[in-house]
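Peer 1: Heads up: the protein sequence lines correspond to chains X and W, in order. Residue 161 in the working numbering sits at position 169 of the first sequence; the count goes up by one each step and never skips. Residue 172 in the working numbering sits at position 170 of the second sequence; the count goes up by one each step and never skips.
Hint data in this document are derived by calculation from the structure and do not stem from the laboratory. Hints are not guaranteed to be accurate.
Okay, the calculated bits of chain X under chain W, using three or more residues with CB under 8 Å as the criterion [what the hints assert, rightly or not]: (1) 89 to 102; (2) 178 to 186; (3) 208 to 218.
Glycine residues also receive a C-beta, built at the ideal position from the N, C-alpha and C atoms.
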Amino acid sequence: MKRQAGFTTVAIICFVCLYAPIVVLVAYSFNAGESIAVWQGFSWRWYAAAWENEEVQRAAWLSVLVAVQASFYATVVATMAALATTRNKAFRGQTAVFALINQPLMVPEIVTGVALLIVFAMVKVATGYNGLGYLVLAHTAFCIPFAYLPIRARLEGMDLTLETAAADLYATPWKTFRRVTLPLMWPGILAGAMLAFVISLDDVVITELVKGPGQDTLPTYMLGQLRRVVTPEINAISSALLAVSVVIVSLFFLLNRKRG
Amino acid sequence: MAEPGEASALEEAEARAVRTRWALLVPAMLVLTIGAAGPLLVMLVYSFLEAGDYGGVEWVFSTDGWVQVFYAYDIFDEEWVAADAHLSIFWRSVKLSVVTTLLALFFGFPTAYFIATRSEKSRNAWLFLITIPFWTNLLIRTFAMMEVIRNEGVVNSVLIGIGLIDEPIQILYTDTAIALGMVYVYLPLMVLPIYASMEKFDFRLVEAAYDLYATRLRVLWRVILPLVKPGIVAGSILVFIPSLGAYVTPRVLGGGKNMMLGNLIELQFGQGRNWPLGAALSITLLVLVMVALLFYVRAAQRGSSGHG
Chain X
-7 MKRQAGFTTV
3 AIICFVCLYA
13 PIVVLVAYSF
23 NAGESIAVWQ
33 GFSWRWYAAA
43 WENEEVQRAA
53 WLSVLVAVQA
63 SFYATVVATM
73 AALATTRNKA
83 FRGQTAVFAL
93 INQPLMVPEI
103 VTGVALLIVF
113 AMVKVATGYN
123 GLGYLVLAHT
133 AFCIPFAYLP
143 IRARLEGMDL
153 TLETAAADLY
163 ATPWKTFRRV
173 TLPLMWPGIL
183 AGAMLAFVIS
193 LDDVVITELV
203 KGPGQDTLPT
213 YMLGQLRRVV
223 TPEINAISSA
233 LLAVSVVIVS
243 LFFLLNRKRG
Chain W
3 MAEPGEASAL
13 EEAEARAVRT
23 RWALLVPAML
33 VLTIGAAGPL
43 LVMLVYSFLE
53 AGDYGGVEWV
63 FSTDGWVQVF
73 YAYDIFDEEW
83 VAADAHLSIF
93 WRSVKLSVVT
103 TLLALFFGFP
113 TAYFIATRSE
123 KSRNAWLFLI
133 TIPFWTNLLI
143 RTFAMMEVIR
153 NEGVVNSVLI
163 GIGLIDEPIQ
173 ILYTDTAIAL
183 GMVYVYLPLM
193 VLPIYASMEK
203 FDFRLVEAAY
213 DLYATRLRVL
223 WRVILPLVKP
233 GIVAGSILVF
243 IPSLGAYVTP
253 RVLGGGKNMM
263 LGNLIELQFG
273 QGRNWPLGAA
283 LSITLLVLVM
293 VALLFYVRAA
303 QRGSSGHG
């Protein structure tokens, strides 16, 4: 088959350009010198520096704390929503439900961020509560569509006759769900949870606007650091965060492939 | 015909199904209403209030926030003049988003074509390569771009090294840097939908066209493009919308001066201390995004009815 002239070249350039900056970034995380531009030999010193940096420790811990909670809540409510919206005919209010679920994907993050800032400022004055709850709630909301989509896809590909068979064998609805439906949809739930976790872990904009004093996550900590002179320590933190995302997303792909 | 008893039993089952459905939906709807959709309405209210002296608002009705989107009050001449700063930021946001979309299309289309014409086995691997950066942190990818285009960065070092230029070109902290960065971070959003529409594409049509002596360009223009148009439209919207609302990329690559709409909004809640204006700007951005989405839905419907 004849190819389109130059298409392959452009594609190769694209792939190279997509990965080259990341490779450079990771490479300089191993730089022995203080610069992110001049290579002075291999060293682990910046990883050690990041590991011992108390601010980084606190931010990393907070990132994980928020991501674990948000992805858990998002996955639970998204699983329920997916059960309610798949495997049945169109129902009244369906369009509104889908619009609400997809809303975080359509509205720019900066808009949601400032809207939450406004509302949370009011709540803070009214209740005096300044904890992590605001971040967890905001993250849970924007993680829902990411958790919902893989679960819904899994449910849609599921064989309904198995549930009917279970019901025919006098299993109660709860037992059918517990023993048949849930195990079958489990890979979808796991995939949704992982996606939600990564999305929460990587969020910058909404976190930056919603966070209270001393509530920096790793991404917002890094955003703050970029204003100063950047040392390879930032590269080291970035590389570590990249590694976590890549591992989780790779697992997600493996999980999804098994289905097909 | 069903017996009356059966009918009511059926109705009851139906009613139970409806109750179960909404019971399952309530938690998600609640979280999304409190944590995403509801605050947008509160923000709409805030855009019609008076700005507080130290941020926040006074609960007094005022249209100042909306007026200030387009006009600035000149305290010396004591009159309202067009807010050039805001207009130039609007213009930059739209311009850079269009440029980003076009560049992403220019690079993304051939890439999608390349992936779609691989063997079925290797396609997944290429797709994986495109998707991976998309799931990694946007800030980190922007930061990676920043390192590459800095004055001391790889691009300038290489250009100086091969003697093409004597002095580093200032790319960082320009509009070019922002556009480059946005193409870089949003490219997968262009490739994936185009690939999705090409995956279903029957490449025998291309061969048939060649057999009928069509030139390459003609095949591209008359055979491939019309059939993958839905993918192109979807990809363009998916790139255009986040570009329009971009915050991180212009902040990191544009420096303080080259602001986009997202940065202007954030400024009002920080140093600007003008929440109503920030709220009005946010709603303006939201409306722009909705218009783009509506345009997309229209185009998608036209596309599907055209083929169906």
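Peer 1: So which hints don't hold here, by number, going up?
Peer 2: 2
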